[in-house]
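The whole structure should be built from the sequences, with the hints applied where relevant.
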Amino acid sequence: MGSASFLTRARGLLRIRNQLMRECLAELLSTFVLITITLSGSAQKVTSEETKGNLLTSYLAGALAVMVGIYIAGGISGAHMNPAFSLVMCLTEQFPWWKFPIFMLVETLASFLSAGVVYILYYGMGGQHRAGEPHGGARLARLVDRLCLCPTDAIWHYSNGTLTVSGPRETASIFATYPADYVSVANGFVDQVIGTGVLMVGVMGIMDNRNKGVPKGLEPVVVAMLVLSIESSMGANCGCPLNPARDIGPRLFTYLAGWGPEVFR
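Just so we're aligned, residue 191 is where the sequence shown starts under my numbering, counting upward by one.
Check before you lean on any hint, since a few could be wrong.
Stated by the list, open to error - Keeping only pairs whose Cα atoms sit at most 20 Å apart, straight-line, the calculated SDA-like set for lysine to any residue is:
#, residue 1, residue 2
1, Lys-289, Ile-266
2, Lys-402, Val-388
3, Lys-242, His-347
4, Lys-406, Ile-420
5, Lys-402, Ala-414
6, Lys-242, Pro-358
7, Lys-406, Leu-254
8, Lys-289, Leu-219
9, Lys-289, Gly-407
10, Lys-242, Lys-402
11, Lys-242, Tyr-261
Derived from the structure by calculation, the hints contain no laboratory data.
Pasting the structure below:
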């Protein structure tokens, strides 16, 4: 009885009553889970040289992560997890414009934090620290180098201790997407407009009650299937990010973590 009463009081003290704060925390958590799973799927594929994952498994990881994110925050914030979706909701007058920059910042922050978690998960740098090898002079890398006690890890082993954006042992593409060599700036822009547009039209169609309805509770599963279909058909040119926060947050992290300004070229 006493412990139940204590838990009730604790829940009352910890309960967040401000609706905007609840929505922001929901977006932060759902986007964090989405990007962590997505980047981890990419890291597993790259660092194992496709022996423990391939393009299809990384696409599946990203699609299923969307499903998990919607289940986490769909009933609180709508689980936007994507500034492009927030923008469409604003344009269709289903979301207030004043919340748009707030959600965009929260989603980008969550993506940045996710990149840091995947960096620690796949790049503990313990082996590098023992070997006494430098890490490109990055302050963030040196800080994690001092704190982490991990054994030699996947990214360090795969890249031979060199963080590069291009070349046969590049690892920047684990965190952000980069266009193929043959893709021009204009083609890359069109590629993303079409891919993101198809995603938005599909999601809005799934949400529209006037259409043939998806069984209640299975909407996240159908959205995940939509994401997987787009990734499987439109990923060759630019890697199919479809989400500005998914790209900007991790890209900024790689810039700070030692890959350098080349990540923005």
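We went through each hint and held it up to the structure:
| no. | hint | verdict |
| --- | --- | --- |
| 1 | Lys-289 - Ile-266 | holds (14 Å) |
| 2 | Lys-402 - Val-388 | holds (18 Å) |
| 3 | Lys-242 - His-347 | holds (15 Å) |
| 4 | Lys-406 - Ile-420 | violated (23 Å) |
| 5 | Lys-402 - Ala-414 | holds (18 Å) |
| 6 | Lys-242 - Pro-358 | holds (18 Å) |
| 7 | Lys-406 - Leu-254 | holds (18 Å) |
| 8 | Lys-289 - Leu-219 | holds (17 Å) |
| 9 | Lys-289 - Gly-407 | violated (26 Å) |
| 10 | Lys-242 - Lys-402 | violated (39 Å) |
| 11 | Lys-242 - Tyr-261 | violated (27 Å) |
Checked against the numbered hints above, the structure breaks hints 4, 9, 10, 11 and satisfies the rest.
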